[in-house]
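Work the whole structure out from these sequences, hints included.
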Amino acid sequence: NAGVMQNPRHLVRRRGQEARLRCSPMKGHSHVYWYRQLPEEGLKFMVYLQKENIIDESGMPKERFSAEFPKEGPSILRIQQVVRGDSAAYFCASSIGDVSGELFFGEGSRLTVL
Amino acid sequence: AQKVTQAQTEISVVEKEDVTLDCVYETRDTTYYLFWYKQPPSGELVFLIRRNSFDEQNEISGRYSWNFQKSTSSFNFTITASQVVDSAVYFCALMSLTQGAQKLVFGQGTRLTINP
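Each protein sequence line maps, in turn, to chains A and B.
Residue numbering for the first sequence follows this note's numbering, beginning at 1 and increasing consecutively.
Residue numbering for the second sequence follows this note's numbering, beginning at 1001 and increasing consecutively.
Worth flagging that the hints you see were computed from the coordinates, not collected in a lab.
A few of these clues could be false.
[Claimed, not checked] Taking CB as the label site, the calculated pair distances span:
| hint | chain 1 | residue 1 | chain 2 | residue 2 | range |
| --- | --- | --- | --- | --- | --- |
| 1 | B | P1116 | A | E41 | 21 to 31 Å |
| 2 | B | I1060 | A | P39 | 28 to 38 Å |
| 3 | A | R9 | B | T1078 | 31 to 41 Å |
| 4 | A | P39 | B | P1116 | 22 to 32 Å |
| 5 | B | T1009 | A | K51 | 38 to 48 Å |
| 6 | A | E40 | B | P1116 | 19 to 29 Å |
| 7 | A | K44 | B | P1040 | 34 to 44 Å |
| 8 | A | S58 | B | N1052 | 19 to 29 Å |
| 9 | A | R14 | B | D1055 | 48 to 58 Å |
From a predicted model like this one, the values you see are computed outputs, not experimental measurements.
Here a beta-carbon is modelled for each residue, glycine too, at the ideal position from N, C-alpha and C.
Given below as structure tokens:
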């Protein structure tokens, strides 16, 4: 059973470009979480999604950031008009749904904005 | 509000020494989970342990052990006979079930360096 798959693992963008990060949850998992890790910091919750629904986006910046988890396909974290401060590692995690179930993290996508 | 404090930013020890990483948390919830994750230089997050707030038994797994003290809101992590491969950033995290979702609140991390 493959783990949580994130791609790309590394992404370089220039200021003003768009970044798209993808996350395929573990098989059978319908709950996806995105976390951001700024350099030298711990991870911070961004958004929690279930299939076709955003459940909690309390950690998402108000502008330029959006997330989706369509019925088919991976979850996408989209950052428009990137700025240098968006440079970070973005981690996706998935769970089966039950809060007592384990949360599995992907290996992260590292975004560098030049 | 939920908060996790890892007061030790960096620790450096010589191989084979024992080392304890501190974690103090704050929550008003009675039901919660505590976690430890390891982040090696390669960057991925490696799950180490999850502990339910109702289970205060200490746990040992090989060279790793965890001391959960609800009275002091601490969940400390000890590595016995440390090895160079233990060098990593270690994160303590708190998840409150009353928030519904599995939202983790992470500490700032402790960078552990084991010198040969």
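Item to complete: Could you tell me which of the hints above the structure violates, numbers in ascending order?
Response: 7
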